[in-house]
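Asks: Chains A and B are the protein sequences, given in the same order. Positions 1 to 133 (the working numbering) are the ones given, in order, by the first sequence. Positions 1 to 133 (the working numbering) are the ones given, in order, by the second sequence.
No lab work stands behind these hints: they were computed from the structure. Each hint should be verified, as a subset may be incorrect.
Identical copies look the same in the list; a pair holds intra-copy or inter-copy alike.
Subject to a maximum C-alpha distance of 20 angstroms in a straight line, what follows is the list of computed EDC-like cross-link-like pairs (lysine to aspartate or glutamate) [stated by the list, open to error]:
# : residue 1 : residue 2
1 : Lys39     : Glu65
2 : Lys6      : Asp102
3 : Lys6      : Glu87
4 : Lys39     : Glu87
5 : Lys39     : Glu54
2 protein chains.
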Amino acid sequence: MARDLKIRIRLCAWAALGPGKVALLQAVGRLGSITAAAKDQGMSYRRAWFLLDEMNRALAEPVVEASFGGAKGGGARLTPSGVAVVELYRRIEDKTRAAVADELAALSAMLALEVEEEAEAQGKEEDEGGCSP
Amino acid sequence: MARDLKIRIRLCAWAALGPGKVALLQAVGRLGSITAAAKDQGMSYRRAWFLLDEMNRALAEPVVEASFGGAKGGGARLTPSGVAVVELYRRIEDKTRAAVADELAALSAMLALEVEEEAEAQGKEEDEGGCSP
Chain A
1 MARDLKIRIR LCAWAALGPG KVALLQAVGR LGSITAAAKD QGMSYRRAWF
51 LLDEMNRALA EPVVEASFGG AKGGGARLTP SGVAVVELYR RIEDKTRAAV
101 ADELAALSAM LALEVEEEAE AQGKEEDEGG CSP
Chain B
1 MARDLKIRIR LCAWAALGPG KVALLQAVGR LGSITAAAKD QGMSYRRAWF
51 LLDEMNRALA EPVVEASFGG AKGGGARLTP SGVAVVELYR RIEDKTRAAV
101 ADELAALSAM LALEVEEEAE AQGKEEDEGG CSP
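In isolation and in its complexed conformation, chain A is listed as follows (with noise of 0.2 angstroms):
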């Protein structure tokens, strides 16, 4: 059945909030640093940096406190301001999915049978699925 649904989420001309920059929020979370959660999502520090910062720029409260530099690289925790967005995007991502499971079904549907059945069989093994042309 239905494929995979991304939501980006414009804040404004050079903020966005989608799948990426959300599971890079959780992996501060969850890991306490920065350098560890852009390892963990296959980015450059730099680039995680970035886009942490971005998000912290476009948001009243920041969304990660970072203290840099010291014997470990320093460490990062998010803010209730980052917890809050992380929360409201998954519901956001819920909400749709629920929303819209028809619509999904009747594209689904819609697919040539070769790419349907492939998508469903690596679907199964793998959360990228897959199909060949």
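Based on these hints, arrange chain B on the given structure of chain A.
Replies: Positioned in the frame of chain A, the structure of chain B alone reads:
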């Protein structure tokens, strides 16, 4: 209030449906030509053709039927399958916006004041919205 929301549906590993592809499909339906639709969407003919071909390969029924060549570069039209895809996607957008209005409002309320004000002001002028750091 709430910002722009983009939904991207992954049909399989190599095909996804998002606002760009749907706008392109609509442009083909409106303009009756891939060349004109590509221009309308600010993309190359090559890019437009690639995107439409991706949809045609992913679905059981093609979304666009084109007659290549000819004096005016051939014409193209949306098939019933193409019309259905556009309608399903627009319904998914509408239902999502309705379902998550509260969460989008909550996110908007968390924006930095100057971000919020600038986005408000520019959002009234142009569809693009926007703000500066």
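Asks: Hint by hint, say whether it matches the structure.
Replies: A quick look at each hint next to the structure:
In this assembly of identical chains, the alpha carbons of lysine 39 and glutamate 65 lie at most 20 angstroms apart only when taken from the same copy (18 angstroms versus 45 angstroms across copies). Within a single copy, lysine 6 and aspartate 102 get their C-alpha atoms as close as 17 angstroms, and across copies as close as 19 angstroms, so both meet the 20 angstroms cut-off. In this homomeric assembly, lysine 6 and glutamate 87 come within 20 angstroms of each other (Cα to Cα) both inside a single copy, at 16 angstroms, and across copies, at 18 angstroms. Taking the closest pair of Cα atoms, lysine 39 and glutamate 87 never come within 20 angstroms of each other, the shortest separation being 23 angstroms inside a single copy and 40 angstroms across copies.
In the homo-oligomer, the alpha carbons of lysine 39 and glutamate 54 lie at most 20 angstroms apart inside one protomer (19 angstroms), although the nearest pairing across protomers, at 33 angstroms, exceeds that limit.
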